[in-house]
Amino acid sequence: MNRRLKLILSAAIAVAATTAGAGASYAMLQGDAAAALRSGGQAGEQADGYLGVVGSGSADVRSQVDAVNIKRRAYYTDLAAKRGAKIEEVAATTACELFRTKVAPGQYYRLPDGVWRQRDSAPIPLPGYCG
Amino acid sequence: MRAAILTRLRPGATQGAMRWSRLLLAAPVLLGSAGCVQVAAPDKPIEINLNINIRQEVVVRLQQDVKELIDKNPGVF
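Chains A and B, in that order, give the protein sequences. Each number in this note's numbering corresponds to the 1-based position in the first sequence with 4 added. Each number in this note's numbering corresponds to the 1-based position in the second sequence with 6 added.
I should point out that these hints are in silico values taken from the structure, not numbers from a laboratory. Some hints could be false.
What the hints assert, rightly or not - Each computed SDA-like pair below joins lysine to any residue, with the alpha-carbon atoms no more than 25 Å apart:
#	chain 1	residue 1	chain 2	residue 2
1	B	K78	A	A89
2	A	K86	B	Q70
3	A	K75	B	V64
4	A	K90	B	E74
5	B	K78	A	A84
6	A	K86	B	N79
7	A	K90	B	N59
8	A	K106	B	E63
9	B	K78	A	P109
10	B	K78	A	T105
11	A	K86	B	P80
12	B	K73	A	Y133
13	A	K86	B	V66
14	A	K90	A	D70
15	A	K106	B	K73
16	A	K106	B	R67
17	B	K73	A	G132
18	A	K86	B	D71
19	A	K75	B	D77
20	B	K78	A	N73
Just chain A, with the same shape it has in the complex (with noise of 0.2 Å):
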């Protein structure tokens, strides 16, 4: 598929998503929701290594939130099992990794006070679990 071609699709895709309003699908679709559901505001990362809907959240906000979670889940499950570990520990662990790298200025975050905070242009203060 030439480049052209491929600028064009997708320039198709977004506009057929919006006009149904369902950019947070397209996101999906595009394999990067849990970064669409941040960069939007609607949820943040929390200490425990999930998703976590900010404020009330829409149904579908909270839909796109649980299917990424279970997806964590089993993940963490996989790689807690193969390392002889919680799938706790493998989620927190994460979470430390998510803190530190992905949630960038302006998005939300939770450690383990429960407190929603909007991540500033400093790093997140790490839990001292995270080393």
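Following the hints, put chain B in place on chain A, whose structure we already have.
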């Protein structure tokens, strides 16, 4: 069937039998709704337990695997 038998026995019984059969028809519906589990939306938000109980050495041990996990699954992380 029952209505027909009753009618043959006593012509005036048709109405009563009809009512009886209607009740019989309604019974499963009534039973069905009685057995239905009522699910009410909770009025309080579900609290998430963010108390993480983990030692730093475990984090260090898992870190490399976790980094790979994140990199390989961009849609999920």
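These are the hints, each one checked on the structure:
Restraint check for K78/B and A89/A: satisfied, since their Cα atoms lie roughly 20 Å apart, inside the 25 Å limit. Proximity of K86/A to Q70/B is assessed by CA-CA distance (about 13 Å); at most 25 Å being required, the pair is judged to hold. For the proposed pair K75/A and V64/B, the alpha carbon gap of about 22 Å is at most 25 Å, so the pair holds. For the suggested pair K90/A and E74/B, the alpha carbons sit about 18 Å apart, so the restraint of at most 25 Å is met.
For the suggested pair K78/B and A84/A, the alpha carbons sit about 17 Å apart, so the restraint of at most 25 Å is met. Of the supplied pair hints, the one linking K86/A and N79/B holds, its CA atoms being roughly 17 Å apart against a limit of 25 Å. Under the criterion of a C-alpha separation no larger than 25 Å, the hint pairing K90/A with N59/B is consistent with the structure, at around 11 Å. Our distance criterion of 25 Å between C-alpha atoms is met by K106/A and E63/B, whose separation comes to about 23 Å.
Pair hint K78/B plus P109/A holds up; C-alpha atoms about 23 Å apart against a cutoff of 25 Å. Restraint check: the Cα-Cα separation between K78/B and T105/A comes to about 14 Å, which is no more than 25 Å; the hinted pair holds. Proximity of K86/A to P80/B is assessed by CA-CA distance (about 21 Å); at most 25 Å being required, the pair is judged to hold. As the CA atoms of K73/B and Y133/A are separated by approximately 16 Å, the hinted pair is consistent with the 25 Å bound.
For a cut-off of 25 Å, the pair hint linking K86/A to V66/B stands: about 16 Å separates their Cα positions. Of the pairs offered as hints, the one joining K90/A and D70/A holds, with about 21 Å between alpha carbons and a cut-off of 25 Å not exceeded. For the hint linking K106/A to K73/B, the alpha-carbon distance of about 11 Å falls within 25 Å, and the restraint holds. Straight-line distance between C-alpha atoms of K106/A and R67/B comes to about 21 Å, which keeps the hinted pair within the 25 Å bound.
At most 25 Å may separate the alpha-carbon atoms for a hinted pair to count; K73/B and G132/A meet this at roughly 19 Å. With a CA separation close to 10 Å, the supplied pair K86/A and D71/B stays within the 25 Å bound. With a C-alpha separation of about 15 Å, the suggested pair K75/A and D77/B falls inside the 25 Å cut-off, and the hint holds. For the suggested pair K78/B and N73/A, the alpha carbons sit about 16 Å apart, so the restraint of at most 25 Å is met.
The structure agrees with every numbered hint stated previously.
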